[in-house]
Amino acid sequence: MLRTTTDNRPELKPVNSGAAAIDIGSKKHMAAVNPASMDILVRTFGTFTSDLHDLADWFKPCGVTIVAMDSTGSQSTTC
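For the sequence shown, counting from 1, position 12 maps to 12 in my numbering; every step adds exactly one.
Hint data in this document are derived by calculation from the structure and do not stem from the laboratory. Careful, some of the hints might be misleading.
Stated by the list, open to error - Within a straight-line C-alpha distance of at most 27 Å, the following computed DSSO-like cross-link-like pairs (lysine-lysine) qualify: (1) K27 / K60; (2) K60 / K13; (3) K60 / K28.
Said to hold, decoys possible - Label pairs and their in silico Cβ distance ranges: (4) F48 / E11: 21 to 29 Å; (5) V42 / V15: 17 to 25 Å; (6) L52 / T72: 32 to 40 Å; (7) V15 / T72: 18 to 26 Å; (8) R9 / V42: 19 to 27 Å; (9) H53 / S26: 15 to 23 Å; (10) K13 / T49: 19 to 27 Å; (11) D39 / D70: 31 to 39 Å; (12) S50 / E11: 16 to 24 Å; (13) E11 / G46: 28 to 36 Å; (14) M38 / T72: 20 to 28 Å.
Beta carbons are placed, not taken as given, at the ideal position from N, Cα and C, and that holds for glycine.
All chains should be modelled from the sequences, with the hints used to inform the complete structure.
Printed below as a string of structure tokens:
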């Protein structure tokens, strides 16, 4: 039987402990890693090349081997 969390939902087990996630934005990127790998699980990075190098440098000690990226945008138009 699966363990449950405090809100009575089943605890999810990691499928790939080397996976990370990045939410891609036009001004910043939010990156998250496996909770077992670091004390700081989510960090914000800029969008310039040096910022992306910093992101990659952070992923290395976290043991990241694969990344899922999400980029969504919305545009509004006025008539």
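Structure-based check of each hint:
1. K27 / K60: Holds. K27 to K60 sits at ~23 Å (cutoff 27 Å).
2. K60 / K13: 22 Å, holds
3. K60 / K28: Between K60 and K28 the Cα gap is close to 20 Å, so the pair holds against 27 Å.
4. F48 / E11: 21 to 29 Å: 38 Å, violated
5. V42 / V15: 17 to 25 Å: Once the Cβ atoms are compared, 19 Å apart, the range 17 to 25 Å for V15 and V42 holds.
6. L52 / T72: 32 to 40 Å: 19 Å, violated
7. V15 / T72: 18 to 26 Å: 23 Å, holds
8. R9 / V42: 19 to 27 Å: 21 Å, holds
9. H53 / S26: 15 to 23 Å: With Cβ atoms ~19 Å apart, the hint holds.
10. K13 / T49: 19 to 27 Å: 36 Å, violated
11. D39 / D70: 31 to 39 Å: This hint is violated: roughly 24 Å between Cβ atoms.
12. S50 / E11: 16 to 24 Å: 38 Å, violated
13. E11 / G46: 28 to 36 Å: 34 Å, holds
14. M38 / T72: 20 to 28 Å: Because 26 Å falls inside the window, the suggested range holds.
Consistency note: the structure conflicts with the earlier hints numbered 4, 6, 10, 11, 12.
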